[in-house]
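K.L.:
Protein chains in written order, with the numbering used here: chain X, 1 to 192; chain C, 1 to 154.
It is worth saying that the hints were derived from the structure and are not from the lab.
Please note: incorrect hints may appear among the correct ones.
Said to hold, decoys possible - To be clear about the criterion: a stretch of chain X counts as covered by chain C if any three or more of its residues have a C-beta under 8 Å from a C-beta of chain C, and this derived list gives those stretches: (1) 35-45; (2) 53-60; (3) 73-80; (4) 155-164.
All values derive from a computational prediction rather than experimental measurement.
For glycine and all other residues, C-beta sits at the position ideal for the given N, C-alpha and C.
The primary structure of each chain is shown beneath.
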Amino acid sequence: MPRWIIPVLVTLWLAGCGEQAWQTKDISDLMPPLAFELVDENGNEVTADRFLGKSTLLFFGFTHCPDVCPTTLARLDAATQRMDEAVRDDIRVLFVSVDPRRDDPETLRTYTDAFGPQFIGLTGDKTAIDELTRRYRVTYGYGEEDSNGNYDVSHSSAVFAFNDQGEARLLIRDSDPMDAVVADLERLVEDA
Amino acid sequence: MSRNSLASLPRLVRPWCWLLLLLIGTSGALSAAELKVNEARIRLLPGELPAAGYFTLANTSEADITLIGANSPAFGNVTMHRTVNQDGVASMKPLAQLELAAGEQLEFAPGGHHLMLMKRTRALAIGDDIEVTLFFANEPEQRVMFRAVSPTTQ
Chain X
1 MPRWIIPVLV
11 TLWLAGCGEQ
21 AWQTKDISDL
31 MPPLAFELVD
41 ENGNEVTADR
51 FLGKSTLLFF
61 GFTHCPDVCP
71 TTLARLDAAT
81 QRMDEAVRDD
91 IRVLFVSVDP
101 RRDDPETLRT
111 YTDAFGPQFI
121 GLTGDKTAID
131 ELTRRYRVTY
141 GYGEEDSNGN
151 YDVSHSSAVF
161 AFNDQGEARL
171 LIRDSDPMDA
181 VVADLERLVE
191 DA
Chain C
1 MSRNSLASLP
11 RLVRPWCWLL
21 LLLIGTSGAL
31 SAAELKVNEA
41 RIRLLPGELP
51 AAGYFTLANT
61 SEADITLIGA
71 NSPAFGNVTM
81 HRTVNQDGVA
91 SMKPLAQLEL
101 AAGEQLEFAP
111 GGHHLMLMKR
121 TRALAIGDDI
131 EVTLFFANEP
141 EQRVMFRAVS
151 PTTQ
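Construct all of the structure, not just a fragment, from the sequences and the given hints.
P.N.:
Listed below in structure tokens is the structure:
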């Protein structure tokens, strides 16, 4: 029997019987539970407690973002479309605008409605947004205004996933394969 | 006599018109065969929010080309951008021009190069065909029809 066969068999056995690893980045021990005080797309003040009971995906962006933000939201939509309806209904996507100057609740509502009912827009004043972005160690910043008054907003491109209790679980990037995202989100809902 | 020569003038001009039309038509066909635009689409967002234009551009000619911009009668402002993702932070950088070597293909795709289309000049709906003109440094401009697609299109 070749000498390499035992380690290979042991590895296979461990992989088969041990707890399955997440396929996207596990942040269970790295990030605090979901907490914020923001304004929702209907103009109401909301806290994170309001969103417990379902798995929550949190994404920072802005509506005047033609490429990255819709691409990420479209990917999340595509991932949830591949799930059973019951699983899909247990996932909510919170789109937090870091551009409150242009993104009032009405703009946010029209924007998130274009992606689907599970997408909810949130924003707030600078203090509230800074508190949340600092909590998850992400940055954002404003570019220079062009002659049309348009400006770019740099923002974190990853999606934070929380379980139904609001505990941090995953960091999902646009580079993660779709199969991995679907498998992890299904597990996130099933673990609840 | 003089009436006759006047009447014959347009007849003299006519062959030249046909030749001119033929030349215009031929040059268009040549450039279309050497620069191929595929999968041209504009992902519309609601209201007045800026849209993104995506396409593939294949340079099947034997010369390098340089894309220097685009415009569209449906938008007041069209610019080329590149999304940069650095240490998990995404931002957009303006693109003045883009070189495309002979035989190469270039992709304007989600998360990378894109056209940013702002200031709609008319109401646009998903499914509309929208005219966009691509400009090149040493090539004739190229008119392309882009299909308006939904925000959830990947």
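K.L.:
For every hint, state whether the structure bears it out.
P.N.:
Hint by hint, here is what the structure shows:
1. 35-45: It is violated, with 0 qualifying residues against the three required.
2. 53-60: Three-residue rule not met by the stretch 53-60 of chain X, so violated; n is 0.
3. 73-80: Contact hint for the stretch 73-80 of chain X vs chain C: holds, 5 residues under 8 Å.
4. 155-164: holds (count 4)
Consistency note: the structure conflicts with the earlier hints numbered 1, 2.
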